[in-house]
Every structure is written in structure tokens, then in C-alpha cells.
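**Q** Read off the chains here:
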Amino acid sequence: MEVGIVSYGAYLPRYRIAPQEIGRVWGTDGDAMSRNLLIFSKSVPSPDEDVITISIEAARNMMRRCDVDPCDIGAIYVGSESHPYAVKPTGTVVAEAIGASPNLTVADYEFACKAGTAGIQTCMGLVGSGMIEYGVAIGADTSQGAPGDALEYSASAGGAAYLIGSKNIVARIDRTCSFTTDTPDFWRREGQCYPSHGGRFTGEPAYFKHIMAASQSLMEKMSSKPADYAHAVFHQPNGKFPVRVAKQLGFSEKQIEAGLLTPFIGNTYSGAVPLGLASVLDIAKPGDRIFAVAYGSGAGSDAFDITVTNEILELRRDAAPTVKDLVEHKKFLDYATYAKFRGKIRMKGGAE
Amino acid sequence: MAVARFWRENEPRYNLTGAKCGNCGRLYFPPRTVCPVCHRKSIGKMGPFKLQGTGEVITFSVVHDAPSQFELQKPYVIAIIQMDEGIRVTGQVIDCDPAEVNIGMKVQAVIRRLGEEGASGIIYYGYKFMPLTPPAAPRPPE
Chain C
1 MEVGIVSYGA YLPRYRIAPQ EIGRVWGTDG DAMSRNLLIF SKSVPSPDED
51 VITISIEAAR NMMRRCDVDP CDIGAIYVGS ESHPYAVKPT GTVVAEAIGA
101 SPNLTVADYE FACKAGTAGI QTCMGLVGSG MIEYGVAIGA DTSQGAPGDA
151 LEYSASAGGA AYLIGSKNIV ARIDRTCSFT TDTPDFWRRE GQCYPSHGGR
201 FTGEPAYFKH IMAASQSLME KMSSKPADYA HAVFHQPNGK FPVRVAKQLG
251 FSEKQIEAGL LTPFIGNTYS GAVPLGLASV LDIAKPGDRI FAVAYGSGAG
301 SDAFDITVTN EILELRRDAA PTVKDLVEHK KFLDYATYAK FRGKIRMKGG
351 AE
Chain V
1001 MAVARFWREN EPRYNLTGAK CGNCGRLYFP PRTVCPVCHR KSIGKMGPFK
1051 LQGTGEVITF SVVHDAPSQF ELQKPYVIAI IQMDEGIRVT GQVIDCDPAE
1101 VNIGMKVQAV IRRLGEEGAS GIIYYGYKFM PLTPPAAPRP PE
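Chains as they are written, first to last, in my numbering: chain C, 1 to 352; chain V, 1001 to 1142.
Check before you lean on any hint, since a few could be wrong.
Listed next, the in silico DSS-like pairs over lysine-lysine satisfying Cα-Cα at most 30 Å (straight line) [what the hints assert, rightly or not]: (1) Lys88(C) x Lys340(C); (2) Lys324(C) x Lys247(C); (3) Lys1106(V) x Lys340(C); (4) Lys340(C) x Lys1045(V); (5) Lys330(C) x Lys1106(V); (6) Lys209(C) x Lys225(C); (7) Lys324(C) x Lys1020(V); (8) Lys348(C) x Lys324(C); (9) Lys1020(V) x Lys167(C); (10) Lys1020(V) x Lys1050(V).
Which stretches of chain C does chain V cover? Using the computed rule of at least three CB atoms under 8 Å from a CB of chain V, they are [claimed, not checked]: (11) 91-104; (12) 333-339.
By construction, these hints were calculated from the structure, which means they are not laboratory data.
We put the beta carbon where it would ideally sit given N, CA and C, even for glycine.
Excised from the complex, chain C in its bound form (with noise of 0.2 Å):
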């Protein structure tokens, strides 16, 4: 049974901050870190906004673009390290607010970055099998590092959600791998409010050999070359690495170039890979060919080997907002405003 996207939305919250204003505070070299991060400006999270409302918001924007019943939909995985309960799944605050509840199966994830492509695999298996019609995978985050930390300039909010289906697939899943180690990378403790990372630990031994093996992984089972996709989407911690990863696996600049975000929003953890194929939906063509990677610490890679349909022609793409629009749909904070909203603020009483 092939099995595919049927739809997808994307959501970003609206304000940002730059790289030079987090310098400017700290005393660090804020030009500095943009050139070394590739990260010209990252989202933010209003106080309000939180995986929960990014999610349903993604979700929405998907259900907009296509006819599908939301009771359909039979399983809905919501894939995050920043979910707003360590008790109480988000995925069914998000079911309900779609319309899709009460008749199914719903489950929260977390793998670091890739927790929402996992979802996509779960429902690959779910509809392929039979048991499930449609199921939705989300990926979202509302991350952050510590004040400071390098993370700081990267960590951002956003996701994006894909309803997968065996019919009206606009874009075909044509086989996905994955590449999964215990590699110490970057964690964060139950409780702890900012994770911790290894430092350079997370380049060549975490993020670089897991892509590089799920990718070649896949080639490998597609017999396809880098030259066979219009475009390739990979996890984008910051701007290097995606770009660093394409050109060792032999992709082109242009082969990227529609699905790198992370110059723009900052690094959406589990809403990364899912954000930068949206983006590149928004644009596709039938027959294009995706090829894209998600990269999770701790760690783990999933690859997929995406074709799209004709169908895509017949998706409401306008109904929702493209990524672009939303990327460009920005207002700038400085870090007063940031703090506050970030929560980064000790207050008095009840507010957060």
C-alpha cells in the first residue's frame, strides 16, 4: 500500500530576536556568533504560546488545506522536548481542538530534534497496516538554553504537521530509515529547566556521523544518487551544519536552499526537519523528488525518501499560510521583552 502525505501546515509564532541583541547583553560578540552560527534571527515564543498551541495552530493550518473528516483520523503523535506537561499527553488538547477526538489513539513523543519525524514513521506504519485511516504527526517545540549558554542564540519555537494517508497522497513516502546510537550529546534532566550539551561533541560524533549513515543508508536501499532529488531537507541546529552535511553527501547549495529555515526562526528542535518540508511543499512540484533527514540527540537519524504527486495541484496550499509567509510575518523584541517572555523573569505570585 503506498503511503504519503495527504496535507501539511506549518506554524511560527511571530516575534524574534537577533543574535546581536543576546551579544549585546551577555558581552558577547553577537556579529560574531550570527557569522559562526549562520543565524541571522530566531522565533519567540509569546507568554501565551506554547507547544500545545503551536501544535493544534499547525494542525489547523493542515486540516484547512484538505477535505478529510477529522473523525477520520485515528491516531494523532505530537513529537517535543518541550511538551507544557511531563503528565497530561499534548496530542489530546490537540485532537480535540481539531475535532478528531474521541475514537482515537493518541501518544506524546520525545526523541531531542527528530520526535516528530517518528511520528511520521508511526503513522506510516499505522496506515499501511490497516489499522488507522489518516494519522497525524507533529513536530513542535518552545526550547530554550540557558541565558548565555551558545544555545541561546538558536533555540526557537515552532512545528508543523503532516496528515498521513494512503489516498489523495500529494506526496508519496517512498521508503524511510533510520540510524539510532546511545550518544551523550546533549540532555536535559527531568526537572531541569535548560539542557546541557557536549559542546563540539555534538558535531562530528552526534550530528554529522548519524545523518551522514542514515542518508547513505538510504541511497543505498533507493539506489538513487544525490543528483535524483529536487530538494533535501536536513536537521538544522544552526545554519553550518545542514549546509556542511549537504555539500559531504553531494548536494548542491540550490538542492537546500528551500527547506534551510535556521537562518531565519532560529533551530525549532522537533519542529525543524518538519518545518523545512513544509517549506519545501509550499513550492514542489509533481515529480519532484525530497530527500530528508532528521537528526534527534542522544541519538538518532531518520531518513525518507519523498516523491511528489500530481495531487499536490489539487491541495488548497493557499488555504494556510506558507512557511514563508510566516517566517516573514516577524516583529523584532529586544531582551528585556524576550526575558519576560521566556519566562527568564523571577516574578512574584502567580504569574509564571
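With chain C held as given, fit chain V onto it using these hints.
**A** Just chain V now, kept in the frame of chain C:
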């Protein structure tokens, strides 16, 4: 107690679901179980009716002296919105400066956090309104 009270209102708060009188066709939000015009003739005939979520600002107020849960958002705008279906709904207007809000401004409903029962309590979600996103500028040919 508060958990159950908010939970009962999840559907209208999440999805702007009101009620339509099956006798006279009038719409109500929040939903009512009896039409105040048709009275007993409406009993058993009140059905759910989902608002589209778009409307315009009829009037608004800028709140500078905020309750503790809204400290991080002040000054914020609370407005009466005339929904496209004719119903008026009170809600917060977000994602813009209070100075940008004006009477007649087109808005659309989005879901946001409404509040929470302290740091360990339940989080409440519901509708707020943001300015209707202006249409995207025409893109240059590829």
C-alpha cells in the same frame, strides 16, 4: 472544582462552538440549552454551531492594571468582536501593539493559553484574536 468547570467549556473555548436554535435559527455563543426567544419551543432543538473564527473589532479597551496571571502580557487589549456570523464575542487581541488595534480591524481566532492554576496546576486553553494576516505580497517569478 475549577478543573471540572473549565473542562465543561472546552468545546466552545477550543473551537468557538455555539448553539443554534432549531426553532428560530438564532445563534448563541456561548452555547445555550434553551433559546431565550422561543423558550420551550426550542427544547431539544438546540444544536451545535461552529463559528468560522473571523470577525471585526467593535470596541476595545487597553488593560494596564492586569491580574497577576496577565502581568507578562500587559498592556494588553480586550475587545468585543463581531463575528462574521453576527454573534459578539469578548476576547483578547494579541500579537500586536495596543496602538495598532482599531475599531473595524479584521481579526481571526487562534488558540492560546488563557491561564493556569499556578505552576503545578492545570493549564487552560482557548480562543484569542489576532489581526487577520495581510495577504502575502506577490512573489517574484522563479
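**Q** Each hint should be assessed against the structure and marked as holding or not.
**A** Status of the hints after comparison with the structure:
| no. | hint | in the structure |
| --- | --- | --- |
| 1 | Lys88(C) x Lys340(C) | holds (26 Å) |
| 2 | Lys324(C) x Lys247(C) | holds (24 Å) |
| 3 | Lys1106(V) x Lys340(C) | holds (28 Å) |
| 4 | Lys340(C) x Lys1045(V) | violated (48 Å) |
| 5 | Lys330(C) x Lys1106(V) | holds (18 Å) |
| 6 | Lys209(C) x Lys225(C) | holds (19 Å) |
| 7 | Lys324(C) x Lys1020(V) | violated (38 Å) |
| 8 | Lys348(C) x Lys324(C) | violated (39 Å) |
| 9 | Lys1020(V) x Lys167(C) | violated (34 Å) |
| 10 | Lys1020(V) x Lys1050(V) | holds (9 Å) |
| 11 | 91-104 | holds (count 4) |
| 12 | 333-339 | violated (count 0) |
In summary, the numbered hints that this structure violates are 4, 7, 8, 9 and 12.
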